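From just these sequences and the hints, can you work out the full model?
Residue numbers for the sequence shown follow this note's numbering, beginning at 1 and rising by one.
A portion of the hints provided could be inaccurate.
To be verified - DEER-style ranges, computed between Cβ atoms: (1) Leu679 with Val562: 21 to 27 Å; (2) Gly671 with Pro560: 22 to 28 Å; (3) Arg360 with Ala489: 44 to 50 Å; (4) Arg745 with Ala429: 32 to 38 Å; (5) Arg745 with Pro424: 52 to 58 Å; (6) Pro560 with Ile534: 28 to 34 Å.
What the hints contain is simulated information worked out from the structure, not anything from laboratory work. All values derive from a computational prediction rather than experimental measurement. Ideal Cβ positions, reconstructed from N, Cα and C, are used throughout, including at glycine.
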Amino acid sequence: MTSDDLDPRTPVLVGVGEASERIDDPDYAARSEAQMAADALTAALQDTGAQLAPLIAAIDDAAMTRSFEGMGFATPLGAPTNYPWAVLRRIGAEPRRVVYDALGGQTPQSLVTEMCGRIAAGAAEVAVVFGADVTSTTRHLASDATPADARPDFTETVDAGPTEDRGRGTHLVNTRDNVLHGLTNAPAQYGMLENARRHRLGLDRERYMQSMAELFAPFSAVAADNPHSAAPTQRSVDELATRTERNRPVADPYLRFLVARDQINQGAACVMTSVGAARRLGIDPARWVFLHGHADLRERPLLERPDLSRGPAAVAAVRHALELADVTVDDVDAFDLYSCFPVAVWTVTDAFGLAADDPRGLTVTGGLPYFGGAGSNYSTHAIAGIVRRARATPGSVGLVAANGGQLSKYSVGVYSTTPRPWTPDESAAVQDALDTVEGPATVRHAHGPATVETWTVHHGRRGARVATCVCRDLAGRRFLATVCDEDHALLDRLTGDDGTDDPVGTTVYARHVHPCNHVATSRAAMDRLHPSTIPSLDRTFEHVRVRRSGHVCEIELHRPDVGNALSQAAHAELDEVVSAFLADTDLWVAIVHGAGDDFCVGVDMDEVGWGSTAVTPPTGVAGITARTLDKPIIAAVAGAAHDAGLELVLACHLVVAARDATFALGQVSTGLIAEDGGLVRLPRIVGERLATEMTIASRVLDADAALRAGLVNRVVGVGDHLTAARELAESVVENSPFAVRQSLRSRSAVAGIADPVEATRRPSTAVDAMTFSQDLLLGMAALRDGDKPVWTNT
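Following this line, the structure appears as structure tokens:
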């Protein structure tokens, strides 16, 4: 087939460009990210050989990868109000569609695939993909060594057109449990996968280190010859494998020279057109490169993966792209395998039998540790390198494998100058097949004996060691845990300082110590480092006040200055108080109320941060919302019962409201969700429609509306709520506490059964307990004799 035989809408890559600078370059200009991306895009447009003005005017679609600066976490030098348009304004482009993609190293290839698909469908004729990262400049100029008045200001107010901003996408590469357990940086996350692979292969620490160095030494040689490399230095196997002051441990099993380098100033871009547009714009067919095969797949979250030592989604993506291109791995002439860490490369090479010293090479750039890991944009450089290789050897085949997250998202492209019609991939069908493979069960809050499945140890510059493990409990369920700081024996075992070569399978003891799981060498060690305490009501609390009155326990949320907002410390105290109440056989009913004007306005927003780390204890809001309660709790509400405060009310069995009470589930107004039972309990109580309005439109109910909706039992005058709650509690106390408790247990057992007949037929231990209870004998005797029973609660 020749290009003349192709549908004019067939997509083709016609231009690639790169830009870079190093701080020690004589012409270092401290370019901003927007300027670096614009320079790379200009280079790509020039690379087409077309006249720039008509080519720029013809751009229909533009897409930008998201850098670390674009994440908004590290912008000490300022940033544009709109990154993609800051770049496009610099070159004078006015595309109809602009995409700002989410974080992910796979996005350069996935965006190229997406743009080619749109061109093939006739939705666009000319498209560009671009990105940049200037982390090196940012760190250099924002440091204390640079006077404030000498720092550039990269702030721009951009007159932007429409933008499809796909968000940061952080949730696609991280989880709250990762944040809570300190597993937020890439070396630690990949260290987990790397150590799992080492265990599977049965290699000792020394041999595995040697193999990592043997894999990456050829990468450094390629980087040494690449003018855009951030660290153009060839390194030997011995240099990469030897621990030195510069080549220090980062996270087991990695030394610094074996991990992706994030201090870079680099930009890259691609230009794609339809065949018809390429002809119209006068682009020489000798510059055309076709995307023969492509695939985009995702891996499941870390703890849900069947095998932590493998990446089936990455392997399947490469295989599907090769099949679509009608070639095998042996037909590929040039590779660029994403190389943030060795395991990312080995995931592919293990599956396809590629050797570290394959004469074709495994990278065209030099790889992320040496060329540089340009945020999400690295693989745009890889595509540029593969396109140039394809042009230099017409008819050859090049493969780009791009990875995002922790082998979480994988995108592959197969390139050649050989003309080929566009063929849509079937990634969705492949993904469905991958998703049918069953993974292990997981548990969020761990307790008891467990074994280490894989691990990593973070190494601080001053010798500090922080270890994170993936463990399995006795039921085989996976969980994350941090190693107790002072358990030096376990830390030494994980690092090998005690002579242990492979700690996988080590027996540990786990305990959830809010807000995360911890593991120690034994229960004795855990009890010493994180002792369990017996819940008690007989001590002084900072955020809670407790009052006993006969069989009634009154629990006051005592943070009136902040509307009784619940902090981590308040949650912990309430968890203890509720545990003590439930364990005390002489307390039959509890009343929860708030000090001051409000019941509870929600969680303490000062503790909400990245990862929403203001998490509740395992027992939920105030130690109540995630418990199965077999003693009644009454909420006495005045003022605001909002957000987590309303979730607390919903978990209570009875509710008394003062006339000034208001009820709202408005977490969405602050970017949160009602994660502590509100989304489930509210529609069951007030109905689906009203619950939805309260949940997504932040509707607030006053006391009368709450009464009509069935959210509260009774409404009383302002200031009378606690008195009314006490009267209601006394009404409960008059009944058999044993029967009340069994009634609540029985109700919980059938809570999820909609059919009353089915629920009635469900066997119940509560009925057996009631039948043989002492309280039943006392109640029947009192009924017969006309006396008031004196309950024993048995």
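Right, here's what the structure says about each hint:
{"no.": "1", "hint": "Leu679 with Val562: 21 to 27 Å", "in the structure": "holds, 25 Å"}
{"no.": "2", "hint": "Gly671 with Pro560: 22 to 28 Å", "in the structure": "holds, 26 Å"}
{"no.": "3", "hint": "Arg360 with Ala489: 44 to 50 Å", "in the structure": "holds, 47 Å"}
{"no.": "4", "hint": "Arg745 with Ala429: 32 to 38 Å", "in the structure": "violated, 47 Å"}
{"no.": "5", "hint": "Arg745 with Pro424: 52 to 58 Å", "in the structure": "holds, 56 Å"}
{"no.": "6", "hint": "Pro560 with Ile534: 28 to 34 Å", "in the structure": "holds, 29 Å"}
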